[in-house]
Amino acid sequence: MKKSLLDHVLDWTGRIVLTAIVGFVLLPFVVVAIASLNESAILSFPPDSLSLRWYANAFEYRDFAEGLVNSLKIAAFGALIALVAGAGFAYVLDRYDFALKGLLNGVLMSPLIIPNFTIGLGLLILSAAASLPRTMWLVVAVHVIIVLPFVVRSVYVSLKNFERGYENAAESLGATPGRVLLTITLPLLMPGLISGGLFAAILSFNEFTASLFVVNQRTQTLPVAMYNYVREYADPTLAAVSVIYVVVVAVTLLAVHKLFRLEKVLNVE
Amino acid sequence: MSSETPSPASRDDASETAVQIDGVTKSFAGTVALEPVWLKIRRGEFLTLLGPSGCGKTTLLNLVAGFLEADNGELFIDRDLVTQVPPHQREIGVVFQNYALFPHMSVAQNVAYGLRTRRVAKAEAERRVRETLELVKLSDFADRRPRQLSGGQQQRVALARALVIRPRVLLLDEPFSALDRNLRTAMQVELKEIQSRLGLTTVFVTHDQSEALSMSDRIAVMSRGRIRQIGTPSEIYDHPQNQFVSTFVGDANLFAATLVSREGGAARITVGKTPFEVQTFQDALPAPGPVSLFVRPEQCRLTEAGQPATVTARVALSVYQGSHAEVHLDCAEAEEGRVMLRVPASAAPKPGTDVGIELPRTGPAIYAREEEGEPA
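Top to bottom, those sequences are chains A and B.
Per the UniProt record's numbering, residue 1 is the first one in the first sequence, and the count goes up by one each step.
Per the UniProt record's numbering, residue 1 is the first one in the second sequence, and the count goes up by one each step.
So here's chain B without its partners, still in its complex pose (with noise of 0.2 Å):
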């Protein structure tokens, strides 16, 4: 099974392809940072290297920035071979995660640095650094030193100074992470919106799910030097191809269950002892035998105890998050002893209750058992 998923909009055009990463790897010291990677990011495309720490992501990111030299592999971008061209001939942009602004200069010389290594006229220089702080809305802080400034304004100085030399790919490395939360969410919107009015290639790199479920294109999503699955949000959400996609994008309930039979997607299998036909978004399902049932919360139903063809649990604990409450169930049958599903805050049954949960008919997913920490 290929890890990347064609989609709609996806047209092998050498000319739509801005970056294009051609078997990388990278090692250090004899530990494997990245194994061969495949990736074309398509021009004007918020593509998302996400993945846990160590998974590779920052590296390849570095890679593509130029600041590590690939062991194997070549890497374009442009159609340009780079794989030897030092950073400051790449032509790309970079908003490093604690910014790296420079302290002994002032806002305006910091946007103004990668105008005066390219030798632009004074004048010239001069309206686009007052074009890009206007971009980011930081006109009024020219003069200031970063250290004056507040976190979110800071990441403004570091994207207006990667955007005004009008980079070729825009290489995002963790930038929300210093940012609270209210302040996250605020400057997620701003990237997003300058981004696509620029029509600015991008590569994200994070650990956060949800920042990458709403900012990207697509997502890579990357764990042990290795890119899992690639596609967009909403098939990495609803068709993660591998357990690790299943439980790393996302709340995941996974049942130990028996795979008895199978045809193309669809499947016998019991739970349990339950038995239940499902219909699976996959194309080909893996052998029969000892199985993980992967469902999302929101595709699960609570019923009464003793139901026929449901599982049954028992409420651990309800947590009320407002809209919703998550009730926590202890289930034989999880593969992790724990099962989570959403009901509305008021249908919150009390801890202790036997209860039975309904699995869908289809959507679910049927993955290979993985052992603990491997990768399938």
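So that you can see chain A by itself, here it is in the shape it has in the complex (with noise of 0.2 Å):
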């Protein structure tokens, strides 16, 4: 069928609005990563000359490498006490009847309408009066709390496309109820829970705000380190680290499309 002169323009218009879309998500990136390779102390754009100096400066700072650590650590136990604790939610939500459930969903997304720094300043304020010790531990508490509706989502969707004929097979061929979670239910949910675990860890790498109200020197993640960072100093080290950043999220992502091929993780296929 020909097309209208009225179907060329939305054609058109359609395309130059999703190019504009898409640049402006990525035009920060774009942004601060030219900013980075500015050469002289100062954050500007466009930049004067080019140099990669922030970046050998990002790697030598010490707290930036420490509050790698920190975060590494924090969001691979964060993520993982989270998932157990999510995928355990997730079940009885799926599986079970009773009085207060829709309470309990309630109760475990809620960290979704409530703003992370209060959930900072509460912790904050209980640690205090419990005169428990600012360890790592700490922050993993108050980043499972704001990652778990995300695990217990993600979990419960893949729980409620799963086909329970494979649970009543494999119990018809004699296999007790530990058996079948072991061998046939969490296999195959397996996708759910990496893509679970996956955000957990990622929003917990990223998390700024109640991290801030609850970590001290020694522990602080390394968004804090960088916010301390460009209190103190305006040169472009912070935005070397921003994209040395976002390289290692995007690599994790493709390592994981790699091994677990992530349209499946995603749920996107």
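Hints are computed from structural coordinates only; laboratory data are not their basis.
From the three backbone atoms N, C-alpha and C, an ideal C-beta is built for every residue, glycine too.
Among the hints, erroneous ones may be present.
[Stated by the list, open to error] Take a look, some chain A residues computed to stay more than 12 Å from chain B by CB distance: (1) L10; (2) W12; (3) S44; (4) P47; (5) L50; (6) A99; (7) L112; (8) Y166; (9) A170; (10) S172; (11) G174; (12) R179; (13) V180; (14) T183; (15) Y229; (16) L254.
[Stated by the list, open to error] Once the Cα atoms are required to be at most 25 Å apart in a straight line, the calculated SDA-like pairs of lysine to any residue come out as: (17) A:K258 to B:H104; (18) A:K160 to B:T258; (19) B:K122 to A:R179; (20) A:K258 to B:P103; (21) A:K160 to A:L203; (22) A:K160 to B:P146.
Quick one: dock chain against chain with the hints and give me the complex.
In structure tokens form, the structure reads like this:
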């Protein structure tokens, strides 16, 4: 069928709008990436001349290295704990009917509407009142609360889509409920679990607001270290760190993609 | 009238009963899925639960498997009371409608699953997996994943997985519905052969009457959570005991008739204004008054119009079927307004022709008039 003029106009408008949106989404990163290459010691755009010296500075600055290690540890432990707890809650929500099910669901989802600084502040007051030391585990606890809704949602969706016939088949073949869970349900839910865990880890790795309340000099995460840096210095080191940051997350996602096929993990297949 | 028709093979010997269902009922959220059902399945028997969707056949199967728990009644497998026993202790084999093959395991691992749960020694397990895959002709596919197999092959894996554990009862939940027609017939023959060779007690659920007629030792026809009739395929087809069974199994012509008088299974009736004397296969007939006269297409004969002792009709359509033609007739006396007969393809009358329908003297049945959709 021959396209009318209107179709052409809509076609081209559509393309322009899409390109604009994609460009807009990527714009901040592009600006920061270019700014990170600036030779001079000010964050400006566009750069006067190019250099990689701020990357060298980023790697040499001890707070960043320590912050990165802290962030990785916190993300790993936080995601793991949130995954185990979240998967358990999701299983309970999917499989059992009980009086306060709606309430439990609401409580589990509440971190989505409670601001992160409130969660950080709450745990700070609590830990102070209970005279708890401000260790890494306090940060992990904050992160678990923040990422739990995402894990619960992700696993819950996988459970909803799960074909119960597999479990019946296994049962009829003599598998006890525990065996069914270990040999059938868990392996088949693996994409959902990996997806939930991955989101949890990335969210925790990026978390800043709540962390700011509960870290100290020893336990500060990379985002907090970056914040503290920018309060003192205004050179492009921070832009360099941002680029490294994005590259680390992207490489992680690519690795997961290679290992487990990301489309499946993200449920967009 | 009892719905259970005794057949010559029936012996009420407890050791011959593989599955006994005693007054089992099931409701879902207040909706009755299964009225109290009594049923004895003999050892080695191929019993089919036949009925339209929602008749309770799958519910009954799930109760035997243990995936559902009965509200009332008792269930025995090999004389053991299993009403409260969870599925993994029932020693039953199930082939599911969509096969439910474990996608993360190879064919051999799927088949071996039920042996691993039973802690069968490795060498013994391997031998049995090999033998069972041979039985279903899949020896060359042991290392494949289920999704790499065709529908028919997947079904064989599902069958092998259920057979390898040497179940006390094999349950088949519409196993052929996902296969195309040619493959379906081939698989039916194959399954039936394996079943009778192993002498396996089998409960088969289907809504397909031809499948039920061709494979079963006995058929239990169900509707609305009840067993409406149970008997051999020929008992069900030739002697349906109520209108539901007569129309659900095979093609049926139902005429609106008036029962004038009766004696045993013999009756004087009128169809339209024409009086008939018929000898039914029934032992007892409904009270005189409006009734339904049931006749199979092959029991009627087409005659020229105006012959005595015929019901008048007009040809609406002849459908060529190769070996024969189906003649659809408009007939005022038919309950649905239509009658269907089969004639040799060469003898198919033209649409618009007035004809007579000659009814058989023996072999029809007379049922009390059923309200639309209401069981008798």
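Against the structure, the hints come out as follows:
1. L10: holds (41 Å)
2. W12: At roughly 42 Å from the nearest Cβ of chain B, W12 of chain A sits farther out than 12 Å, so the non-interface label holds.
3. S44: Non-interface label stands for S44 of chain A: nearest chain B Cβ at 54 Å, farther than 12 Å.
4. P47: holds (52 Å)
5. L50: L50 of chain A clear of chain B: closest Cβ-Cβ about 51 Å, beyond 12 Å.
6. A99: holds (17 Å)
7. L112: holds (32 Å)
8. Y166: The assertion about Y166 of chain A is violated, with a minimum of 5 Å to chain B.
9. A170: With a cut-off of 12 Å, A170 of chain A comes too close to chain B, as the shortest Cβ separation is near 7 Å.
10. S172: At about 4 Å from chain B, S172 of chain A fails to clear the 12 Å cut-off, so the statement is violated.
11. G174: For G174 of chain A, whose nearest Cβ neighbour in chain B is about 4 Å away, the distance does not exceed 12 Å, so it is violated.
12. R179: violated (6 Å)
13. V180: Given a closest Cβ separation of 8 Å, the condition is violated.
14. T183: Its Cβ does come within 12 Å of chain B, the nearest being 8 Å, so this is violated.
15. Y229: Since the minimum Cβ distance to chain B is about 47 Å, Y229 of chain A lies beyond 12 Å and the statement holds.
16. L254: The claim holds: L254 of chain A sits with its nearest Cβ about 24 Å from chain B, beyond 12 Å.
17. A:K258 to B:H104: holds (18 Å)
18. A:K160 to B:T258: Answer violated: K160 of chain A to T258 of chain B is near 56 Å, above 25 Å.
19. B:K122 to A:R179: Holds, because 18 Å separates the two Cα atoms, which is no more than 25 Å.
20. A:K258 to B:P103: Within the cut-off at roughly 20 Å; holds.
21. A:K160 to A:L203: Roughly 24 Å between the alpha carbons, so the hint for K160 of chain A and L203 of chain A holds.
22. A:K160 to B:P146: holds (22 Å)
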